[in-house]
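Chains as they are written, first to last, in the working numbering: chain A, 1 to 359; chain B, 1001 to 1359; chain C, 2001 to 2359; chain D, 3001 to 3359.
No lab work stands behind these hints: they were computed from the structure. Heads up, a few of these hints could be off.
What the hints assert, rightly or not - A short list of chain A residues far from chain B (calculated; beta carbon distances all over 10 Å):
{"hint": "1", "residue": "Leu33"}
{"hint": "2", "residue": "Lys53"}
{"hint": "3", "residue": "Met97"}
{"hint": "4", "residue": "Lys142"}
{"hint": "5", "residue": "Glu169"}
{"hint": "6", "residue": "Ala173"}
{"hint": "7", "residue": "Lys244"}
{"hint": "8", "residue": "Thr256"}
{"hint": "9", "residue": "Arg279"}
{"hint": "10", "residue": "His307"}
{"hint": "11", "residue": "Glu310"}
Unchecked claim - When the alpha-carbon atoms are kept at most 20 Å apart in a straight line, the in silico EDC-like pairs for lysine to aspartate or glutamate are as follows:
{"hint": "12", "chain 1": "B", "residue 1": "Lys1172", "chain 2": "B", "residue 2": "Glu1151"}
{"hint": "13", "chain 1": "A", "residue 1": "Lys198", "chain 2": "B", "residue 2": "Glu1261"}
{"hint": "14", "chain 1": "B", "residue 1": "Lys1272", "chain 2": "A", "residue 2": "Glu359"}
{"hint": "15", "chain 1": "D", "residue 1": "Lys3272", "chain 2": "C", "residue 2": "Glu2359"}
{"hint": "16", "chain 1": "A", "residue 1": "Lys100", "chain 2": "D", "residue 2": "Glu3308"}
{"hint": "17", "chain 1": "C", "residue 1": "Lys2074", "chain 2": "A", "residue 2": "Asp39"}
{"hint": "18", "chain 1": "B", "residue 1": "Lys1355", "chain 2": "D", "residue 2": "Glu3359"}
{"hint": "19", "chain 1": "B", "residue 1": "Lys1100", "chain 2": "B", "residue 2": "Asp1313"}
{"hint": "20", "chain 1": "C", "residue 1": "Lys2272", "chain 2": "D", "residue 2": "Glu3310"}
{"hint": "21", "chain 1": "C", "residue 1": "Lys2355", "chain 2": "A", "residue 2": "Glu359"}
{"hint": "22", "chain 1": "C", "residue 1": "Lys2142", "chain 2": "A", "residue 2": "Glu359"}
{"hint": "23", "chain 1": "A", "residue 1": "Lys269", "chain 2": "B", "residue 2": "Glu1169"}
{"hint": "24", "chain 1": "D", "residue 1": "Lys3142", "chain 2": "B", "residue 2": "Glu1261"}
{"hint": "25", "chain 1": "A", "residue 1": "Lys355", "chain 2": "C", "residue 2": "Glu2310"}
{"hint": "26", "chain 1": "B", "residue 1": "Lys1198", "chain 2": "A", "residue 2": "Asp39"}
{"hint": "27", "chain 1": "A", "residue 1": "Lys74", "chain 2": "A", "residue 2": "Glu96"}
{"hint": "28", "chain 1": "A", "residue 1": "Lys142", "chain 2": "C", "residue 2": "Glu2261"}
{"hint": "29", "chain 1": "D", "residue 1": "Lys3074", "chain 2": "B", "residue 2": "Glu1151"}
{"hint": "30", "chain 1": "D", "residue 1": "Lys3355", "chain 2": "B", "residue 2": "Glu1261"}
{"hint": "31", "chain 1": "B", "residue 1": "Lys1161", "chain 2": "A", "residue 2": "Asp39"}
{"hint": "32", "chain 1": "B", "residue 1": "Lys1269", "chain 2": "A", "residue 2": "Asp313"}
{"hint": "33", "chain 1": "C", "residue 1": "Lys2269", "chain 2": "D", "residue 2": "Glu3072"}
{"hint": "34", "chain 1": "C", "residue 1": "Lys2198", "chain 2": "D", "residue 2": "Asp3313"}
{"hint": "35", "chain 1": "C", "residue 1": "Lys2322", "chain 2": "D", "residue 2": "Glu3261"}
{"hint": "36", "chain 1": "B", "residue 1": "Lys1322", "chain 2": "A", "residue 2": "Glu261"}
{"hint": "37", "chain 1": "C", "residue 1": "Lys2161", "chain 2": "D", "residue 2": "Glu3359"}
{"hint": "38", "chain 1": "A", "residue 1": "Lys322", "chain 2": "B", "residue 2": "Glu1359"}
{"hint": "39", "chain 1": "D", "residue 1": "Lys3322", "chain 2": "C", "residue 2": "Glu2359"}
We put the beta carbon where it would ideally sit given N, CA and C, even for glycine.
Protein chains: 4
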Amino acid sequence: MANSFGQLFRITTWGESHGGGVGVVVDGCPPRLELTEADIQPDLDRRRPGQSKIVTPRKESDAVQILSGTFEGKTLGTPISMWVRNEDMRPEAYSEMASKFRPSHADYTYIAKYGIRNWQGGGRTSARETIGRVAAGAIAKKILRLRFGVEVLAYVKQVQKITAEVDPEKVKASQIESNIVRCPESQTAEKMIRLIEKMRREGDSVGGIVEGVARGVPPGWGEPVFDRLEADLAKAMLSLPASKGFDIGSGFGGITLTGREHNDLFRMKGGKVRTVTNRSGGIQGGISNGETIYFRVAFKPVATVMHEQETVDVHLKNTTLKGRGRHDPCVLPRAVPMVEAMTALVLVDHALRQKAQCE
Amino acid sequence: MANSFGQLFRITTWGESHGGGVGVVVDGCPPRLELTEADIQPDLDRRRPGQSKIVTPRKESDAVQILSGTFEGKTLGTPISMWVRNEDMRPEAYSEMASKFRPSHADYTYIAKYGIRNWQGGGRTSARETIGRVAAGAIAKKILRLRFGVEVLAYVKQVQKITAEVDPEKVKASQIESNIVRCPESQTAEKMIRLIEKMRREGDSVGGIVEGVARGVPPGWGEPVFDRLEADLAKAMLSLPASKGFDIGSGFGGITLTGREHNDLFRMKGGKVRTVTNRSGGIQGGISNGETIYFRVAFKPVATVMHEQETVDVHLKNTTLKGRGRHDPCVLPRAVPMVEAMTALVLVDHALRQKAQCE
Amino acid sequence: MANSFGQLFRITTWGESHGGGVGVVVDGCPPRLELTEADIQPDLDRRRPGQSKIVTPRKESDAVQILSGTFEGKTLGTPISMWVRNEDMRPEAYSEMASKFRPSHADYTYIAKYGIRNWQGGGRTSARETIGRVAAGAIAKKILRLRFGVEVLAYVKQVQKITAEVDPEKVKASQIESNIVRCPESQTAEKMIRLIEKMRREGDSVGGIVEGVARGVPPGWGEPVFDRLEADLAKAMLSLPASKGFDIGSGFGGITLTGREHNDLFRMKGGKVRTVTNRSGGIQGGISNGETIYFRVAFKPVATVMHEQETVDVHLKNTTLKGRGRHDPCVLPRAVPMVEAMTALVLVDHALRQKAQCE
Amino acid sequence: MANSFGQLFRITTWGESHGGGVGVVVDGCPPRLELTEADIQPDLDRRRPGQSKIVTPRKESDAVQILSGTFEGKTLGTPISMWVRNEDMRPEAYSEMASKFRPSHADYTYIAKYGIRNWQGGGRTSARETIGRVAAGAIAKKILRLRFGVEVLAYVKQVQKITAEVDPEKVKASQIESNIVRCPESQTAEKMIRLIEKMRREGDSVGGIVEGVARGVPPGWGEPVFDRLEADLAKAMLSLPASKGFDIGSGFGGITLTGREHNDLFRMKGGKVRTVTNRSGGIQGGISNGETIYFRVAFKPVATVMHEQETVDVHLKNTTLKGRGRHDPCVLPRAVPMVEAMTALVLVDHALRQKAQCE
């Protein structure tokens, strides 16, 4: 159960960063949806290492294969099994990891939990696990687009202290994809890229903020108590590797306002109930109100740095460890499709739940 | 399912702010735990309206009754049903709400979702729903304390722009409970109280930050993928009324550091693997590492203000609405026991999951 | 989780045979359904002890109260909490049970599992727990009837060796309710009643078969693998106290036929795909095919008999025990509404699942 | 969710009879269990078509591959993904099936449900889907054997009217595997084989009963209400293709006894609480009592027969269809490992649940 997400559109991911491969089973996909690998691969390519000079150079083609659940290019309503083979396995690159716990990685906590770990990479906590999510998310995005008219986007909003001003109502996918850092503001993107390149040269890393957006969500999705739309989004985002925070609408910033200032007043507009401002972030009482949903996810700087750092080994002796091999100075450009995928998975699940109970 | 939380220690809450009452069923509680209403009531009293001059004056005694699951003062292992009667129902106070949507409340989204709503109060989105969670959380806290040696605490860290410096490693429950705003730093607490009283006089409201802490969690709780401990905490917190954000450890602030600066180095200390710093917030790769878990939850200012504000009525006409009756200038003091409860519910669930799979 | 049933229309029951009461929370009920206690009480009355001379004389009015989830006589889409107070508690009647395990009851297994038990009655295994199911089932039956045109019925098919011939396609509720044993064939019913009265006089008990029927289920409900309609029905029925077996359509009897003889041939009839025979029992490959669903449930004779029987006490010494007080010679008449309730709960759950995924 | 089974030891199967392959993801397996393909393959070979002259001759080697979740021959505690490639695809053999609904198959109900189907075989309802269950069940059986001392067995008890007398307490695996029909009584086995061969020659088929046994289950597994051990077993068994009934202990036969006759009296024996008889089938009140668990599963005769039968085509016209190609006269020998697998999956799930809540 720990490796499943969603109630009606449920995904189960499997696979380690090193081993036979990684994959996902999607259960609950509506039947008769046109679907081939061509719908999935583009998002996997956006997630892939080695896609640009500012991400980890690990060489994997990450070619997805659909093993079940479709027939003559359409979904059957049965489980869709997808997988990607592992290619670039270099166990020798990890030899030191066999005996030492990498700082701020999960090596130690895995041993504490399971009493065993595959030291050849990050195991299930690795970014490689997200391949399954991104593949499933591509299906969810397609369903949202075709059947509900909902568009899901994400982009890099901040890298360390460099922040972009982006309007969630208007930003376009083409703007996001126009540069390798996936920040839709081109001048700020340049600065971000320069900072990340500097980090690469210095063997260091930086974190930042990815903003997620969903436009066109009709009023009524989400539940009023535990499964609030923002609660499920928060869980989805905090389940991504390296994420440390989530806020929605006015978020942490909204604290400085008083209630009078903060409230989103209702007005009729185009025959619809609309809000004048959107500090609620498109969700009120856990349920979508028809306005644009937007939220931010904080990602810490990548833990692997090319410098010697103090740590402990598996024999519980103090020692030091220096990151070697492939270095990922910033996870943000690759986190963008992950945020989109998890957003789409949450939304399509609630869309189906709404159909079941209220329509 | 939308009204249940947890997998092995599962709670199901029911009840509206107005109606017969509110309650909770706790499924999965270990047998042979000493338990009476006296274990539950203190936390409900901390959550209760009317407990001090700075919270809503609604008069409810909120006396809890255990209806099942115990025998001669001990749990049976069967479902524990608890409930609190509704007392202070004044439907007449809500007459205007029958026809108008309150800004930044869930009135409109309820109609959009269900096509019907109980306009006599906030329905399930109301803070009153949290009675069930706080009651269940009191059981979870007792299990954590007695069976696992874990202490769960929360306190008000910030009210609007007034921030307290609190050490999550050392703060004591008695300090938190020493003042009505539940900020353990007494001088800052005074300022916070004065600000909230000012808001009350002005018919306005303020939000802020509650910090949650869990001390003594052993290494190994949590799961590496979707059910990361921080992901489940994030969902738990964003499921609380009026919450808008969550971050853990270094959180949003950690973004300004580089990887070298941010990493928590391991060192042996007292025969244990410890980290020198705790920017991870006690969790690495979704799994507890034995350090103190601490996180922050942002709460927006309460939406009900005693001023006329623009809105829309149920006939989709523009109109205005002015908050009347009981006014809650700040939800934070009452949010403290809610944050503790949800934290405890997440932790005890993972404690049981760890027993099931890995021990 | 062990006390919940259903995925989209999920019920959670609570309460022991002895304690504050018993109840149920229904989560996932569609909004805007007309619902009051008057929809629930009739089925509870059919389940109630003391309703006739052939069932246990325990005196409970079993008056149900809806505590949440409705407003002005309609469902809100929020959890419906219902409860029935316990009235007829006579702890002294159970004093011997405090120290001895009743044969073929759950006294011993409760201690083995939980290390504690409420010896004042049958705990959660008691027939009293089924109050919550029957109450929830009444709502499910109403939804099926009003929104899907589906009728759910059950009746006593066999008492010990006395068997009735009943046509599942034609049997009417009024025939079933025309006598106290709930067998729609009046002459056979007479014989059954005489046998049960004889058992009562002899302080003994008999079991038999209840047949469940669902008419009007459209083709397409159910899932092809684990959640086959017949699999969920089997679980539902085997979860009833005293049930020992389930079979559907041709069932155990179909074994004597060959494939050629057993197959249900398809023919067009009235513009619909129909089967000439219905050995499949209305379900093929786990999915309803539009024919009448019918199945049988075997109930063992009630374990409490008014005779001294060998057993063991809590100190693990051999001893004897004689049933005292109220004696239930046959559970079947009261099992009828339980079978109906569980059938309806399974069907409404699959109806909602079908809406979510395939419509 | 419809393709998952179990709560703590949860399996998710995927794959159609025709397509890339079939597989399973096992979530919740304890870490540090020795596990390789050699633990899985023998049960798959027992399930495999073409294993003897009395089962379907479909030629598939069904070689399983473990793709994740193990490292150096031990489980990691992470999801175990296993798959088997499809080899023997002959779409041309199914051309007539593209346009006609096979009687007593799921062709029509699939279309009714999903509006689409893969007509190249039985889709998810096919016996081929059970590969994933049998593979997962092999792991469950190993856990039960090594960690809990529990032995799970099944055997053919009856073929049409030919019944074997078998003592569930004493039957050995070697007896079951000593002949191709998997009936431990050799003389009866001969008769069964002759009957099945006759059916093969006649292009017809027969059904029968498989009995499942679990020995060494400690008292205390199972739950008292919905998740009774027998309820979960019933669901497990009725989820197998072609199964039509389930009964446990005295089952349908126990109806003829009175309560006095039927009760299992307790007696101390070897320092343990034991029952003199075992009509309860090892389960009382949903919870294991330490006695041998035994139950029966009815399987209907295989629907595909080599004779022309009336049916309907996809254009809703009456027509006829004659089974062609590979003919399976009796599913029972291959159902034996399926029954064992599902039994083991239910038991290991409850073993883990018991650890979580009560230990």
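Evaluation of the provided hints:
Chain B leaves A:Leu33 outside its interface by the beta-carbon criterion, the shortest separation being 24 Å against a cut-off of 10 Å. A cut-off of 10 Å between C-beta atoms confirms that A:Lys53 is not in contact with chain B; the least separation is 18 Å. The claim that A:Met97 is not at the interface with chain B holds, since no C-beta of that chain comes within 10 Å of its own (minimum 13 Å). Every C-beta of chain B lies more than 10 Å from that of A:Lys142, the closest at about 22 Å, which supports listing it as non-interface.
With a cut of 10 Å on Cβ distances, A:Glu169 stays outside the contact zone with chain B, its closest approach being about 19 Å. A cut-off of 10 Å between C-beta atoms confirms that A:Ala173 is not in contact with chain B; the least separation is 25 Å. With a closest Cβ-Cβ approach of about 5 Å to chain B, A:Lys244 is found to fall inside the 10 Å limit, against its non-interface label. Listed as outside the interface, A:Thr256 is inconsistent with that label: its C-beta sits roughly 6 Å from the nearest C-beta of chain B, within the 10 Å cut-off.
The non-interface label for A:Arg279 is inconsistent with chain B: the shortest C-beta to C-beta separation is roughly 8 Å, within 10 Å. Once the 10 Å rule is applied to beta carbons, A:His307 is inconsistent with being away from chain B; the minimum gap is 6 Å. A cut-off of 10 Å between C-beta atoms contradicts the statement that A:Glu310 is not in contact with chain B; the least separation is 4 Å. Using a Cα cut-off of 20 Å, the hinted pair B:Lys1172 and B:Glu1151 holds, with the two alpha carbons roughly 10 Å apart.
At most 20 Å may separate the alpha-carbon atoms for a hinted pair to count; A:Lys198 and B:Glu1261 meet this at roughly 16 Å. Proposed proximity of B:Lys1272 and A:Glu359 is contradicted: the alpha carbons are some 56 Å apart, above 20 Å. Taking the CA atoms of D:Lys3272 and C:Glu2359, the gap is about 56 Å. The hint is violated against a cut of 20 Å. Between A:Lys100 and D:Glu3308, the direct Cα distance comes to roughly 69 Å. Violation of the 20 Å bound is thereby established for this hinted pair.
A C-alpha spacing of about 44 Å is found between C:Lys2074 and A:Asp39, which places the hinted pair above 20 Å, so the restraint is violated. Between B:Lys1355 and D:Glu3359 the alpha-carbon distance is near 9 Å, which keeps this suggested pair within the 20 Å criterion. Note on B:Lys1100 and B:Asp1313: the hinted pairing holds, with a Cα-Cα distance of about 4 Å set against a maximum of 20 Å. At most 20 Å may separate the alpha-carbon atoms for a hinted pair to count; C:Lys2272 and D:Glu3310 meet this at roughly 15 Å.
A distance of roughly 9 Å separates the Cα atoms of C:Lys2355 and A:Glu359; the hinted pair therefore holds under the 20 Å criterion. Between C:Lys2142 and A:Glu359 the CA atoms are separated by roughly 17 Å; this keeps the pair inside 20 Å, and the hint holds. Of the pairs offered as hints, the one joining A:Lys269 and B:Glu1169 is violated, with about 51 Å between alpha carbons and a cut-off of 20 Å exceeded. As the CA atoms of D:Lys3142 and B:Glu1261 are separated by approximately 47 Å, the hinted pair breaks the 20 Å bound.
A threshold of 20 Å between alpha carbons decides the hint, and for A:Lys355 with C:Glu2310 the separation of about 56 Å lies outside it, so the pair is violated. Between the alpha carbons of B:Lys1198 and A:Asp39 the distance comes to roughly 57 Å, so the proposed pair goes past 20 Å and is violated. A distance of roughly 47 Å separates the Cα atoms of A:Lys74 and A:Glu96; the hinted pair therefore is violated under the 20 Å criterion. About 47 Å separates the Cα atoms of A:Lys142 and C:Glu2261, which puts this hinted pair outside 20 Å; it is violated.
Of the supplied pair hints, the one linking D:Lys3074 and B:Glu1151 is violated, its CA atoms being roughly 35 Å apart against a limit of 20 Å. Distance restraint check for D:Lys3355 and B:Glu1261: the Cα-Cα separation of roughly 42 Å exceeds the 20 Å cut-off, and the hinted pair is therefore not satisfied. Distance hint between B:Lys1161 and A:Asp39 is unfulfilled; the C-alpha atoms sit about 47 Å from each other, more than 20 Å. Between B:Lys1269 and A:Asp313, the direct Cα distance comes to roughly 13 Å. Compliance with the 20 Å bound is thereby established for this hinted pair.
As the CA atoms of C:Lys2269 and D:Glu3072 are separated by approximately 61 Å, the hinted pair breaks the 20 Å bound. Only pairs whose Cα atoms come within 20 Å are accepted, and C:Lys2198 paired with D:Asp3313 is rejected, the gap being roughly 56 Å. With a C-alpha separation of about 14 Å, the suggested pair C:Lys2322 and D:Glu3261 falls inside the 20 Å cut-off, and the hint holds. Proximity of B:Lys1322 to A:Glu261 is assessed by CA-CA distance (about 14 Å); at most 20 Å being required, the pair is judged to hold.
Distance hint between C:Lys2161 and D:Glu3359 is unfulfilled; the C-alpha atoms sit about 44 Å from each other, more than 20 Å. For the hint linking A:Lys322 to B:Glu1359, the alpha-carbon distance of about 33 Å lies beyond 20 Å, and the restraint is violated. A distance of roughly 33 Å separates the Cα atoms of D:Lys3322 and C:Glu2359; the hinted pair therefore is violated under the 20 Å criterion.
Hints 7, 8, 9, 10, 11, 14, 15, 16, 17, 23, 24, 25, 26, 27, 28, 29, 30, 31, 33, 34, 37, 38, 39 from the earlier list are contradicted by this structure; the remaining hints agree with it.
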